[in-house]
Amino acid sequence: MKKLSMPAKIYLIIVFVILYAPIFYLIYYSFNSGGSMHDFESFTLEHYRAVFEDSRLLVILINTVIIALLSGLISTIIGTLGAIGIFSIKRRNIRNILLSLNNILIVSPDVVIGASFLILFTMIGVKLGFASVLISHIAFSIPIVVLMVLPKLLEMNPNLIDAAQDLGATRRDVLYRVIIPYIKPGIFAGFFMALTYSLDDFAVTFFVTGNGFSTLSVEIYSIARFGISLTINALSGIIFVVTVLIVIGYYFVTRRTKFANGGIGRL
Numbered sequence: 467m468k469k470l471s472m473p474a475k476i477y478l479i480i481v482f483v484i485l486y487a488p489i490f491y492l493i494y495y496s497f498n499s500g501g502s503m504h505d506f507e508s509f510t511l512e513h514y515r516a517v518f519e520d521s522r523l524l525v526i527l528i529n530t531v532i533i534a535l536l537s538g539l540i541s542t543i544i545g546t547l548g549a550i551g552i553f554s555i556k557r558r559n560i561r562n563i564l565l566s567l568n569n570i571l572i573v574s575p576d577v578v579i580g581a582s583f584l585i586l587f588t589m590i591g592v593k594l595g596f597a598s599v600l601i602s603h604i605a606f607s608i609p610i611v612v613l614m615v616l617p618k619l620l621e622m623n624p625n626l627i628d629a630a631q632d633l634g635a636t637r638r639d640v641l642y643r644v645i646i647p648y649i650k651p652g653i654f655a656g657f658f659m660a661l662t663y664s665l666d667d668f669a670v671t672f673f674v675t676g677n678g679f680s681t682l683s684v685e686i687y688s689i690a691r692f693g694i695s696l697t698i699n700a701l702s703g704i705i706f707v708v709t710v711l712i713v714i715g716y717y718f719v720t721r722r723t724k725f726a727n728g729g730i731g732r733l
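The numbering of the sequence shown is my numbering, which starts it at 467 and goes up by one.
Keep in mind that the hints were calculated from the coordinates and are not lab data.
Even glycine gets a Cβ: it sits at the ideal position worked out from N, Cα and C.
Treat the hints loosely; a few may be bogus.
Straight-line C-alpha distance at most 20 Å; calculated EDC-like pairs for lysine to aspartate or glutamate [unchecked claim]:
1) Lys618 <-> Asp639
2) Lys650 <-> Glu621
3) Lys650 <-> Asp639
4) Lys618 <-> Asp628
5) Lys556 <-> Glu507
6) Lys556 <-> Asp505
So the derived label-pair ranges between C-beta atoms look like this [as the list claims (entries may be wrong)]:
7) Asn677 <-> Val707: 12 to 20 Å
8) Phe506 <-> Ala690: 15 to 23 Å
9) Ser688 <-> Asp639: 30 to 38 Å
10) Val707 <-> Lys556: 21 to 29 Å
11) Met622 <-> Ala581: 34 to 42 Å
12) Phe692 <-> Thr510: 30 to 38 Å
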């Protein structure tokens, strides 16, 4: 690959500064012993201590993580099967129609999706709370998983499936021993993307949460309406660190998978 030119390097630096400067500014003042984000008085961990001493906030944090993990897992399973189903369709026009319907859900405004789910849950009598939030997060995560998995399926050589069937493999064997091992990087990518989207979502969650149940994004918005609190800074800093760790974990998982696939190819 060609080395980046100096203007390209400067452009990338400017982009990363614009993206990350507000985050590091927020984290910097989370260690401020003062009560504002203007004058840094002295270093303290009291705001982080306040986060872990707030039992209600911890319950909301646990709810958010559980919702993210469950929605990520379920949407990954459904999205992977959906991508395989779309890939198995031979007629190109039907496949394109299904992909267009899938993409519409991704580009649709979150406000529209959230309002639609609110109307739906109200009509069928689903109580707003854990179940409504989980169903909503699964629904908007499935199209993301499909887009992560489908390219890996399209990269796969169809002769692999034909060879497995010629050797006597059943459809179940082809699925579990050929297709899924090959598309594993896409499955992991879809899971981590669904997990991240669930953790970050606010608009859809805001519509479908009920009394007695909340997620971090909605809770942070509610707290911020009453003024700036450095506890929010501390909480946001923790979320940022956890997100970075998830990204690093995803990098090592995909790297190990690629290395394993490369080793199998060389054998």
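Against the structure, the hints:
1. Lys618 <-> Asp639: holds, 19 Å
2. Lys650 <-> Glu621: Holds - the C-alpha atoms of Glu621 and Lys650 are around 13 Å apart, at most 20 Å.
3. Lys650 <-> Asp639: Roughly 16 Å between the alpha carbons, so the hint for Lys650 and Asp639 holds.
4. Lys618 <-> Asp628: holds, 17 Å
5. Lys556 <-> Glu507: violated, 66 Å
6. Lys556 <-> Asp505: Judged against 20 Å, a Cα distance of about 64 Å means the pair is violated.
7. Asn677 <-> Val707: 12 to 20 Å: violated, 31 Å
8. Phe506 <-> Ala690: 15 to 23 Å: holds, 21 Å
9. Ser688 <-> Asp639: 30 to 38 Å: violated, 52 Å
10. Val707 <-> Lys556: 21 to 29 Å: violated, 47 Å
11. Met622 <-> Ala581: 34 to 42 Å: holds, 39 Å
12. Phe692 <-> Thr510: 30 to 38 Å: 22 Å Cβ-Cβ, so the 30 to 38 Å window is violated.
The earlier numbered hints that this structure contradicts are 5, 6, 7, 9, 10 and 12.
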